[in-house]
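Asker: Residue numbers (the working numbering), protein chains in the order written: chain Y, 1 to 326; chain Z, 1001 to 1277.
Any given hint could turn out to be false.
[What the hints assert, rightly or not] Below 30 Å or equal to it, Euclidean Cα-Cα: the simulated DSS-like pairs (lysine-lysine) are: (1) Y:156 / Z:1096; (2) Y:156 / Z:1104; (3) Z:1007 / Z:1078; (4) Y:259 / Y:3; (5) Z:1078 / Z:1253; (6) Z:1253 / Y:90; (7) Z:1133 / Y:156.
[What the hints assert, rightly or not] Simulated restraints on C-beta separations: (8) Y:203 / Z:1054: 50 to 56 Å; (9) Y:154 / Z:1024: 42 to 48 Å; (10) Z:1189 / Y:116: 36 to 42 Å; (11) Z:1197 / Y:153: 28 to 34 Å; (12) Y:52 / Z:1222: 37 to 43 Å; (13) Z:1092 / Y:203: 52 to 58 Å; (14) Y:324 / Z:1132: 57 to 63 Å.
No lab work stands behind these hints: they were computed from the structure.
These figures come from a predicted structure and were not determined experimentally.
Glycine included, each C-beta is placed from N, C-alpha and C at the ideal position.
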Amino acid sequence: MNKIPNRKAICNVLLERAQTDRDIVVLCSDSRGSASMAPFFERFPDQSVEVGIAEQNLVSLSAGMAKCGKKAFCFSPASFLSTRSYEQAKVDVAYSNTNVKLVGISGGISYGELGMSHHSAQDIAAMSSIPNMRVYLPSDRFQTACLTEALLQDQKPAYIRVGRNPVENIYQEYCPFEIDQASVIPNGDVQKAVSSGKANWQALGENDVAIVACGEMTGPAVSAAALLWEKGIPSVVLDMYCVKPLDKKALIQAAGHAKLVITVEEHSPFGGLGAAVSQAVASECPKKVINLALPDTPVITGKSQAVFDYYGLNSVGIAKTAMENL
Amino acid sequence: MRELTAKSFELRQIVLDMIMQSGGGHIGGDFSVMDILVTLYFKQMNISPENRDDPDRDMFVLSKGHSVEAYYAVLAAKGFFDTEKLVREFSAFGSKFIGHPNNKLPGIEMNSGSLGHGLPVCVGMALAGRMDKRGNRVYTVMGDGELAEGSVWEGFMAAGHYRLSNLCAVIDRNRLQISGGTEEVMSHENLADRIRSFNWNVINVNGNSIEELNKAFEEARLEKQKPTCIIAGTIKGFGGGEIMENKAVWHHKVPSQEEYETIRAELNRRREAALHE
Ligand SMILES: [Mg+2]
């Protein structure tokens, strides 16, 4: 049972890199605890900025620092970061093109019990519709670490959403990773996972179903594929952590070689992964696409796993959807 | 200072031409803010086309981005781009000289336009400058109507908290905004006290006097414990004469040909007067 949440994985990378890179700065809005960034604030007080409960200020300050050469990592709960400071993300970060990495913590329905004010079921839609804003939802802690390392290498804006709770390891120590390439997992067999650029689509052959997932839904998607395989149903899972830019090449290959596409996300049915995948598949290689997502209603409250189960956003729900639609 | 005052009226003429040529712009605020920008760019800030990528340069953000015509005119005079090209291409289809500051143009650090962003961004710049022990200064200019944006006060709060003495915010206090007087729309009673209570040094000046502004900026440099806010009392439409000054309608009015001639003549008269003072 993994105990390390993805937010902690980000902190670990930044702790490591900040030893030699004085330009890494971390900004929090009274959120260093929930961001797992307290160790960074302790270790690098001169590279840490507390702005108090002021998310708009948080993002503008980050942009100003980035303009002066800093690599700004800006942490706040996804629900606030993606909407309270939406305009700052649009103007000061994306439009002014500053090197700010907006990290939405406790994303989706991590705060399941706390109600809609604390749910971020619209952050993918909000952020991905801003020009020059990339959107990433890494799946497990290993991929999160790889993503963080990669984002330290570029100078462009990005929004990264991670959940509050630890998620089960998907990749173990071996994690195939190329920036903006989905990882391709045949029949839910993670040992065979590769970045899409290295996938041998010929050898992967024809599948009954392509399951495209991101963030915390990737784990259940992989388990669903394993369940399907036991029933003799071949599938391919795309871990589409790069929701924008969407890995269309991989998507077209996966969808083109499948009878059915299922998308799974911890997000509203509008403007998220499902919408992006449906758009691309409809125009490039028309196939039936089913979007599994949170409903367009204030989500029922409770522990996030109970909420996922309620809406069928789990391995059984995904597998069942596949079998019913094949 | 006499030459600079004369220059401020010349640059207002450029603004007038830009607005006539393009059929749009925010002339009232352009004219009120001009002396602030001229003082900053020609007397105070360490910024020029030669050092625009130097990390030690002074940083500037025009928070009241709609006064972009004045800003462009000053940057052109400073040599960042060509004045004729500016007048010709301002607001034209596909032009880089768009109706709000655009950092694809040399000399412009941040895109602005939506109000209430400049101060918080400058707080970040000032923090970064202090972190790197650069000794440079960071400036922003806001409008007074803009002060109704909550994010401005988040910026005031953080800068006061962090005692950012390398930061200087200027308020173009022309007491007008698009719908009328600022005090009727949303009052700023005891403005200086409000800002002081956020742990800021506050200086009141005549914002249409380059000499007074320059003194205030010098005084701000001496403050080592707090950020400084200069409340620059200005006249909206300053230099445009009786038909234009202190009239809310000129927030973004485009002059008729007749008004153009009148304003142009008035600017010319003031320019001459400044030179022969
Ligand atoms: Mg005003």
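Asker: Which earlier hints can't be squared with this structure?
Answerer: The structure breaks hints 4, 9, 11 and 12; every other hint is satisfied.
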